[in-house]
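So the protein sequences, as listed, match chains A and B. For the first sequence, my numbering gives the first residue as 1, with consecutive numbering after it. For the second sequence, my numbering gives the first residue as 149, with consecutive numbering after it.
Hints were generated in silico from the structure; no laboratory data involved. Note that CB positions come from ideal geometry on N, CA and C, so glycine has one too. Mixed in with the good hints, there may be bad ones.
[Unchecked claim] DEER-style ranges, computed between Cβ atoms:
1. A/E62 to B/P154: 24 to 34 Å
2. A/H120 to B/A294: 17 to 27 Å
3. A/H74 to B/A202: 53 to 63 Å
4. B/E281 to A/D51: 40 to 50 Å
5. B/E271 to A/Q70: 35 to 45 Å
6. A/C118 to B/C266: 16 to 26 Å
7. A/T44 to B/A285: 18 to 28 Å
8. B/G183 to A/E123: 34 to 44 Å
9. A/V61 to B/E166: 23 to 33 Å
10. A/V113 to B/C266: 24 to 34 Å
11. A/E133 to B/R290: 24 to 34 Å
12. B/C266 to A/G47: 40 to 50 Å
13. A/Q139 to B/C279: 37 to 47 Å
14. A/D51 to B/T200: 19 to 29 Å
Number of protein chains: 2
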Amino acid sequence: MATAKPAPRTCSVARTLEVVGEKWALLAIREVFLGVRRFEEMLTNIGAPRDTLAARLRTLVEHGILERRQYSDHPPRDEYVLSAAGRDLYPVILGLMQWGDRHRPVDGGPPMVLDHACGHRLEPRLDCAHCGEQIQARQITRVTSARL
Amino acid sequence: MATAKPAPRTCSVARTLEVVGEKWALLAIREVFLGVRRFEEMLTNIGAPRDTLAARLRTLVEHGILERRQYSDHPPRDEYVLSAAGRDLYPVILGLMQWGDRHRPVDGGPPMVLDHACGHRLEPRLDCAHCGEQIQARQITRVTSARL
DNA sequence: GGAGTTAGTCCGAAAAATCGACTGACTGGC
DNA sequence: GCCAGTCAGTCGATTTTTCGGACTAACTCC
């Protein structure tokens with residue numbers, strides 16, 4: 001068969017983006033990291049259409065990134081909190097924030113500054129868990145993949 | 149004026165996603181990190197429509213993430229390489245890959261294994277540049293923002 | 001009872017993505 | 001020179017998403 005349709009690469013980046021790659025999804029997750037849990041507040045902070053945000057939150061809950069929790073009984077109201085899988089997206093959010101701070105700066109310095117428990121301003125750095133060195137793309141010596 | 153339209157939060161995450169948040173953009177960047185520089189090869193590895201990939205590469209070049217470089221003269225052929233700004237997206241790509249490995253695993257282990265210069269398998273970890281501790285969301289003690 | 005809050009849904013219009021076919025510049029084989 | 005093949009797209013019609021605004025529903029507060 002000469003007509004073997006070439007399947008795309010099997011890749012964890014792609015599988016992650018299937019879940020969080022839709023428009024507004026990562027901004028909704030950002031909001032929850034910042035402590036915003038309610039629909040209406042997310043809406044104004046993000047600037048997405050209500051419609052789209054409602055759909056996005058639904059799929060994020062379906063995919064197990066967010067969880068709905070009832071915080072009010074009589075007007076039945078839910079809030080959104082991060083699941084364990086959702087919390088594991090923190091490095092992605094911080095990575096995006098750092099890139100924006102560096103390469104799309106705004107007047108008056110970074111629009112958002114986080115403080116780490118150690119007392120300093122948070123400056124995230126990606127290190128190798130084994131040697132502790134900061135990771136740079138050119139230090140990757142080998143890529144092992146089913147199909148490269 | 150009571151009709152102050154509530155502007156969305158000024159945030160570096162949002163500004164980054166304006167550049168790399170469109171569908172297929174981050175997968176194209178992934179390919180370039182893996183050493184794939186040519187249109188046709190990206191196309192099969194990513195699985196995007198030709199049309200869309202062509203448009204995406206165009207916007208990534210416009211935004212200064214990728215650069216076109218002519219690698220052939222007589223059939224005039226260009227290849228795509230990462231700019232300095234593009235290389236700074238490595239932490240984001242690795243973050244997405246790590247999340248997928250952890251939360252959307254495939255049979256037979258991670259589909260792609262990278263080796264670090266230190267000799268071990270690459271396991272990226274986000275550390276505080278000041279104290280060296282691994283960053284966790286609950287260790288953020290304060291968020292300073294123009295509008296929280 | 002009336003205004004306000006919260007979390008949506010519904011609709012039509014606009015924008016983006018998708019699929020398949022087509023173009024054009026070239027190479028390499030015979 | 002001719003044919004097949006490669007590479008990097010473009011074009012057009014269709015489908016899917018997104019957008020913006022209006023509307024609903026349940027409830028609270030005054």
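A/E123 and B/G183 - C-beta distance against the hinted 34 to 44 Å: The hint (34 to 44 Å, Cβ to Cβ) is violated, given that B/G183 and A/E123 are roughly 29 Å apart.
Satisfaction of the hinted span 40 to 50 Å by the C-beta atoms belonging to B/E281 and A/D51: holds (41 Å)
Range hint compliance [Cβ, A/V113 to B/C266, 24 to 34 Å]: holds (32 Å)
Range agreement (Cβ of B/C266 with Cβ of A/C118, hint 16 to 26 Å): holds (25 Å)
A/D51 paired with B/T200, Cβ distance criterion 19 to 29 Å: With a Cβ separation near 24 Å, A/D51 and B/T200 satisfy 19 to 29 Å, so the hint holds.
Assessment of proposed distance window 53 to 63 Å (beta carbons of A/H74, B/A202): This hint holds: roughly 55 Å between Cβ atoms.
Whether the CB-CB distance between A/Q139 and B/C279 falls inside 37 to 47 Å: The hinted range 37 to 47 Å is violated for A/Q139 and B/C279, with Cβ atoms some 23 Å apart.
B/E271 versus A/Q70 beta-carbon gap, inside 35 to 45 Å or not: For B/E271 and A/Q70 the Cβ distance comes to about 38 Å; the hint holds.
Distance restraint hint 17 to 27 Å, applied to the beta-carbon atoms of A/H120 and B/A294: holds (21 Å)
CB-CB spacing for B/E166 and A/V61 relative to the 23 to 33 Å hint: Given a distance of about 26 Å, which is inside 23 to 33 Å, the answer is holds.
Status of the given 40 to 50 Å range, CB of A/G47 versus CB of B/C266: Holds - the Cβ-Cβ distance for B/C266 and A/G47, about 43 Å, lies within 40 to 50 Å.
Hint check for B/A285 and A/T44 - Cβ pair distance inside 18 to 28 Å: holds (23 Å)
Of the numbered hints given earlier, the model fails hints 8 and 13; all others are met.
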